[in-house]
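Quick mapping for you: the protein sequence lines, in order, are chains A and B. Under the numbering used here, think of the first position of the first sequence as 1, with each following residue one higher. Under the numbering used here, think of the first position of the second sequence as 1001, with each following residue one higher.
Treat the hints as calculated values from the structure; they're not laboratory data. Don't be surprised by glycine CBs; every beta carbon is placed ideally from N, CA and C. You can take every hint at face value.
Some chain A residues near chain B, calculated using beta-carbon distances under 8 Å:
1) 7
2) 9
3) 10
4) 13
5) 47
6) 67
7) 68
8) 69
9) 70
10) 74
11) 79
12) 80
13) 84
What follows is the residue order along each chain.
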Amino acid sequence: MKLLTGNDLKTGAVTWWTGRGWSIHIEDAADVGDEGDAIALAEEGARRVNGPVVIDAEQTPEGPRPAHIKHRIRALGPTVRPDLTLKPADPNLGSWVI
Amino acid sequence: MYRYDQYDQQIVDARVEEFRDQVKRRIAGHMTEDQFKPLRLKNGLYLQLHAYMLRIAIPYGTLSSAQLRMLAHVARTYDRGYGHFTTRQNIQYHWIKLEQVPDILADLATVQLHGIQTSGESIRNISADQYAGAADDEIADPRPWAELLRQVTTFHPEFSYLPRKFKFALTAAPGDRAAIRWHDVGLRLVRNEAGEDGFEIYAGGGMGRTPFIAELIRPFCPADKLFSYCQAILRVWNRHARRDNIHKQRMKILVHDLGVEEFTRQVEEEYAHIATLGTDPPRAEFDRIAAYFTPPPFETGLPDEIDRSDPDFALWVDRQVAGHKAPGYAIANISLKAIGGIGGDITAEQMDVVADLAERYSFDELRVTHAQNLVLPHVRKADLYAIWQALVAAGLADVNLDLVTDIIACPGLDYCSLANARSIPVAQKIAQRFADLDRQQDLGELKIKISGCINACGHHHAGHIGILGVDRKGTENYQLLLGGSGAEDTTLAKITGPGFDEDGVVDAVEKAIETYRTLRTPEERFLDTYRRVGMEPFKEAIYG
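Starting from the given sequences, assemble the full structure and let the hints guide the process.
Here it is, written out as structure tokens:
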């Protein structure tokens, strides 16, 4: 599957295209198929996202999982500061990212 | 330390308001990211993995207590309660919101701090020996010259559109604590037989994907000609730099391609021309700046003895305290390398503690080191015990200066958008493996440096043991290097062989260190043994 991700223009927070808008939670991300570049162009023009990029991912029972570790780290936060991630209490966080 | 005059303050305040307007226009959609990016970079604002990242310049690594308290305020108010000191003596924050940046910069400007020239194709923050002005082995405090260079080059039109970034480092001591030969230009303040001050000038150094060690191109440049000579260097680079290829734009590539002799010839020719133009600042301007660096009013008649009856304190003194030029005084190094912690990270509360200590015990001054630690440069030996007790309470009393757990590591893939692999977890695992202080002390000076990509912010080329993180088909992989140095015996580390996964590279580091333990002679450091026996015994132990 393909995901569209970028950073929120004002806050810099990592965001994921949900099909209707943007979410900071990767679980909300939608498969953009071949539409990613067109959506990115429109959303960047509307200043709702900064640096949008289409990435590869796989669908898992827990939701979309980016193919590259860089985007898995982006999705949750630094592996060395679990307290600063989106899921600070999740004991499975490390295995999902790495 | 230097204090802004009305012109300095006007320049920085005007830049804040200019950037406030640029941010406003970007958010309003009047600028694209392509248009905005070079403007934000000119103010130290990057877009990293999780948010914007703001880098603040700390000129020659010198801070006042008020400035550190302001950095704590920024961490607490605008970030997530901490900051990260970098390998270029700056500080950066990794969770910054664009819309708050103008307010952050305005707050910083009240204590004479900014993010100008911490990014982009500019002359970056000038780094220096962290013991400058305090060291017992220097001939004079070199920081007035750094400040002069900073002032003359900041916003200088000739240096506003450089081919690439440009880095100065300077020292005034024979022992190199500033890694000067790993910079585009390295400067060592020296004194000739006539008693005149001047600079040894090294040019063409740098790390990154193509590492080179700077070569001595002038053994003595009169100090009052420092700017014009550096201008000649920059002018030759600016004239010939490969602006067509980002990987070949740094000056080190030009020096290598021309050859140091031809590069030097052209610099000397340009310098002879510039000398006729009178571009050097008048001596009175240097004297004005130098007056801010007058040594603090050190007390005389202080005792040199330190009460070492507390064994934990004695351990800290032996490792973390260095000699000072003034009798009865010492330099206290504060480790930011707690075992299992993140090197260079410091909480807002810890910043406040250090600021209080600097204000009370160190003439209101502290330093940031390129090894990502802090220094109280001017403390009475009689106050060391009280300082140590405060550091213990703040979790800042680790004993590991220059030991195996005093690891330099870049933020790596945990934070950085350029990184290919994580650096911090590798540093943490190595530190945990060697946490036992007796083992660390037995190993002696051993500098491990880790970079998460080829840009080498973690100085892996200069590590006694270096580690470079790479991306191998989407998986983190780590190359091991041995034999580098950033000190006065500068050398380039060499790759041992095939790379490792995260746990594998930690094991390989331990094998290399055990090989050293087996082969060393008395008084030999890891680096000395490596240089004496060569790579082979280490390779055999690591891969055999």
